[in-house]
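**Student:** Note that the protein sequences, when read in sequence, are chains A and B. Numbering-wise (the numbering used here), the first sequence opens with residue 1 and increments by one. Numbering-wise (the numbering used here), the second sequence opens with residue 1 and increments by one.
It is worth saying that the hints were derived from the structure and are not from the lab. Each hint should be verified, as a subset may be incorrect.
Unchecked claim - Derived lysine-lysine pairs resembling DSBU-like cross-links, with alpha carbons at most 30 Å apart:
(1) A/K206 - B/K28
(2) B/K28 - A/K381
(3) A/K206 - B/K122
(4) B/K123 - A/K206
(5) A/K206 - B/K259
(6) A/K206 - B/K220
As the list claims (entries may be wrong) - Have a look at the derived ranges for each label pair, beta carbon to beta carbon:
(7) B/F25 - A/T241: 28 to 38 Å
(8) B/R235 - A/I378: 30 to 40 Å
(9) A/T17 - B/N131: 45 to 55 Å
(10) A/L365 - B/K181: 48 to 58 Å
Stated by the list, open to error - Just some of the chain A residues that point at chain B, by a computed CB distance under 8 Å:
(11) L211
(12) P216
(13) A294
(14) I378
(15) R380
Note that CB positions come from ideal geometry on N, CA and C, so glycine has one too.
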Amino acid sequence: MRELLRAAFVIARRDFTATVLSRTFLLFLLGPLFPFLMVGVFGAATAPMSATESLPVGVVATSAEFQKIEQARDQLQDTFGPLGVVKLKRIDPAGSSQGKSARQKGQPGYVAVLEGGLANPQLYGSVSAQSGIAKQLRLMIGQARQTAGSAQPVHLPVMLTNPSPTAPNAGGQEFTARAGQSLLFLLTILLAGMLLSQLIEEKSNKVIEVLAAAVPVDAIFLGKLLAMLAASLAGIAVWATAGAAALEIFAPNGLGALPPPAVGWPLFVLFGVIYFAMSYLLLGSIFLGIGAHASSAREVQTLSMPVTMAQVVIFAIASIAIGNPNGKGALGAMFFPLSSPYVMIARAGELPDLWIHGLAVVWQLLWVALFLRIASGIFRKNVLKSGPTRATRRKSARV
Amino acid sequence: MLRQATPQSWTSGYAVEARNLVKDFAEKRAVDGVSLEVPAGSIFGLLGPNGAGKTTTLRMLLGIIEPSSGERCVLGRTRPIEAAHQIGYLPEERGLYPSMNAREGIAFMGALRGMHLSAARKKADQLLEENDLGDWARKPIRNLSKGMAQTVQLLGTLVHDPRLIILDEPFSGLDPFNQGKLERVIRGRAADGVTVIFSTHVIAHAERLCEQIAIIAAGKVAFNGQVDEARAKLRPIVRLRTRETDGAWRSCIPADATKEGGEWIFELPQSGPEPLLKALIDGGAGIETLAIERPGLHEAFVAIAGDAAAKAMDTPEEMTP
Numbered sequence: 001m002r003e004l005l006r007a008a009f010v011i012a013r014r015d016f017t018a019t020v021l022s023r024t025f026l027l028f029l030l031g032p033l034f035p036f037l038m039v040g041v042f043g044a045a046t047a048p049m050s051a052t053e054s055l056p057v058g059v060v061a062t063s064a065e066f067q068k069i070e071q072a073r074d075q076l077q078d079t080f081g082p083l084g085v086v087k088l089k090r091i092d093p094a095g096s097s098q099g100k101s102a103r104q105k106g107q108p109g110y111v112a113v114l115e116g117g118l119a120n121p122q123l124y125g126s127v128s129a130q131s132g133i134a135k136q137l138r139l140m141i142g143q144a145r146q147t148a149g150s151a152q153p154v155h156l157p158v159m160l161t162n163p164s165p166t167a168p169n170a171g172g173q174e175f176t177a178r179a180g181q182s183l184l185f186l187l188t189i190l191l192a193g194m195l196l197s198q199l200i201e202e203k204s205n206k207v208i209e210v211l212a213a214a215v216p217v218d219a220i221f222l223g224k225l226l227a228m229l230a231a232s233l234a235g236i237a238v239w240a241t242a243g244a245a246a247l248e249i250f251a252p253n254g255l256g257a258l259p260p261p262a263v264g265w266p267l268f269v270l271f272g273v274i275y276f277a278m279s280y281l282l283l284g285s286i287f288l289g290i291g292a293h294a295s296s297a298r299e300v301q302t303l304s305m306p307v308t309m310a311q312v313v314i315f316a317i318a319s320i321a322i323g324n325p326n327g328k329g330a331l332g333a334m335f336f337p338l339s340s341p342y343v344m345i346a347r348a349g350e351l352p353d354l355w356i357h358g359l360a361v362v363w364q365l366l367w368v369a370l371f372l373r374i375a376s377g378i379f380r381k382n383v384l385k386s387g388p389t390r391a392t393r394r395k396s397a398r399v
Numbered sequence: 001m002l003r004q005a006t007p008q009s010w011t012s013g014y015a016v017e018a019r020n021l022v023k024d025f026a027e028k029r030a031v032d033g034v035s036l037e038v039p040a041g042s043i044f045g046l047l048g049p050n051g052a053g054k055t056t057t058l059r060m061l062l063g064i065i066e067p068s069s070g071e072r073c074v075l076g077r078t079r080p081i082e083a084a085h086q087i088g089y090l091p092e093e094r095g096l097y098p099s100m101n102a103r104e105g106i107a108f109m110g111a112l113r114g115m116h117l118s119a120a121r122k123k124a125d126q127l128l129e130e131n132d133l134g135d136w137a138r139k140p141i142r143n144l145s146k147g148m149a150q151t152v153q154l155l156g157t158l159v160h161d162p163r164l165i166i167l168d169e170p171f172s173g174l175d176p177f178n179q180g181k182l183e184r185v186i187r188g189r190a191a192d193g194v195t196v197i198f199s200t201h202v203i204a205h206a207e208r209l210c211e212q213i214a215i216i217a218a219g220k221v222a223f224n225g226q227v228d229e230a231r232a233k234l235r236p237i238v239r240l241r242t243r244e245t246d247g248a249w250r251s252c253i254p255a256d257a258t259k260e261g262g263e264w265i266f267e268l269p270q271s272g273p274e275p276l277l278k279a280l281i282d283g284g285a286g287i288e289t290l291a292i293e294r295p296g297l298h299e300a301f302v303a304i305a306g307d308a309a310a311k312a313m314d315t316p317e318e319m320t321p
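So here's chain A without its partners, still in its complex pose (with noise of 0.2 Å):
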């Protein structure tokens, strides 16, 4: 193991470093002007608009008091129309506890709910004190105030509350999860095809015999993924940096603005570089597979066509687990371990808990050294069957 692990190390120094200092790597880096372009694309198509929007907030309030943030609610809507603005649902304050059993298990039927009337407003929710939802309240409170012959400025503080597993969060969190998810697909699917060139060209460079020879097939594999997966991450803490540069400077508020995912912002990034690693490292084990199946770019392209389709399609059906993270059909994406680091990521983002985080990186290594070890296998299965090939004779002997 120890040998292994230093062979690999060997490779990934080699590799790491021969991807990171040439010059395609600067273009390799423009890289997220595409993705990035993908992810609205994406999270605008697979985003079910309507389970946001359709849920109200849920307003404790009297029936006169309500009355004027309904009117307030209604002028809004006569000026942006009836599809942006938030819907509001009378919750009777004599029924507090009603109100209380709102709030308490996450709001079950309400995006979020509003208490104290229009003299002492709270937000319990899900919800960041910067989005939307809590911005329309604001005015429509404030609207409301003026109706009633107040012009007293609103401070609405916002109750941030865990989502309820039965009626998830259909507000911020979820959107914060579909983010998170679209963007480790997308990384994921960019960087692991950069594996398939580098195994083609290493086979067309005929280094892979030097390699086979000196240290086991999997320290080749592993070494190979690991070195392109520290590029992808130096890829990665680049834009990273660079997008947070130009948030500062052209959008100082811009972070605040994302609603926190369950878990927090520091937990959900560091799950979101564990769960690209993880990601990666499966898709990529197959794409070596694959690369050592193929002997031509075009061979490749037609291999790795179909992977890159079913992955297509086990990220839609991880997208569909947002907004139920505990149903069966996001267990099942949880299992599966190809979709497993998306539904995991999309988790973090809408449930607070950690444990299950661990087990899934546990599950999800297991696989990586299993599809490795097959990948080595088909590897040692089809390359390296003979000698050179006639053509390749007659270049060698050209003095």
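Assemble the complex: chain A is given as a structure, and chain B must be docked to it using the hints.
**Tutor:** Same frame as chain A, now just chain B:
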């Protein structure tokens, strides 16, 4: 079924032992029951025409591919990859990273074989200087001539001072100057006690360098032993020119003798040269010239592997201008 090396099952005096190695690919049997014994510290040649199974045999010995059946022991290990740090391998299809410079290319190959990278770099510098490539040490390999690139790969094969060097068709594509240089390298390493195995389809190289050879034809070992033993498979050839054309001496000329350009050519009889000489003198042949020639490895190869294999060996690589 592979076994761990034990004194009972493997002979410690051999650097490499193989027993009944078989390799089946889907379409054909590439190697069919090859057994080899390579004494430690010897130069061992694997002879055979293209497609005979030499490369597949070497790859099995190195553990790059697993045999379908049979077993092998390399430097005391039945899993050759475990001895990889003590082995240097130059494949027939040369492989280097074109964007790496010569120094890093050699050092990388040393690091693969267990060297610390900084030590491998130092050794690479030394080897490049010794081989007049010091000025090219930091140039990308893609900028090197083919001969230089081959030398760089050879140095990468030797950088970690292996105990066993395996070279697959090492002379292929080299000009005569570099062939001579490579022969000196092989002899030099062998003089230091290193075992060298190389495959070739050029008999002259094996004849010049090898103490022991194995002749492989159609995936089978047709001969395994010393070069002299291979030659001894054939009787020495007698070339005789006489002043007299007929006489009693003719009785000592074998019936299958041929006459070319006034010269009798026949195998030396089992009784040896003395009775032949006596019969010729006593019979009044009037010996003009008499030569008893030891057969070359080529003749031995023809006798051992067959004419077809010999013709395949003789077919030169297709050279293009």
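**Student:** All hints, please: hold or fail.
**Tutor:** Hint check:
{"no.": "1", "hint": "A/K206 - B/K28", "verdict": "holds, 24 Å"}
{"no.": "2", "hint": "B/K28 - A/K381", "verdict": "holds, 14 Å"}
{"no.": "3", "hint": "A/K206 - B/K122", "verdict": "holds, 26 Å"}
{"no.": "4", "hint": "B/K123 - A/K206", "verdict": "holds, 24 Å"}
{"no.": "5", "hint": "A/K206 - B/K259", "verdict": "violated, 52 Å"}
{"no.": "6", "hint": "A/K206 - B/K220", "verdict": "holds, 27 Å"}
{"no.": "7", "hint": "B/F25 - A/T241: 28 to 38 Å", "verdict": "violated, 51 Å"}
{"no.": "8", "hint": "B/R235 - A/I378: 30 to 40 Å", "verdict": "violated, 53 Å"}
{"no.": "9", "hint": "A/T17 - B/N131: 45 to 55 Å", "verdict": "violated, 25 Å"}
{"no.": "10", "hint": "A/L365 - B/K181: 48 to 58 Å", "verdict": "holds, 50 Å"}
{"no.": "11", "hint": "L211", "verdict": "holds, 7 Å"}
{"no.": "12", "hint": "P216", "verdict": "holds, 6 Å"}
{"no.": "13", "hint": "A294", "verdict": "violated, 17 Å"}
{"no.": "14", "hint": "I378", "verdict": "violated, 13 Å"}
{"no.": "15", "hint": "R380", "verdict": "holds, 6 Å"}
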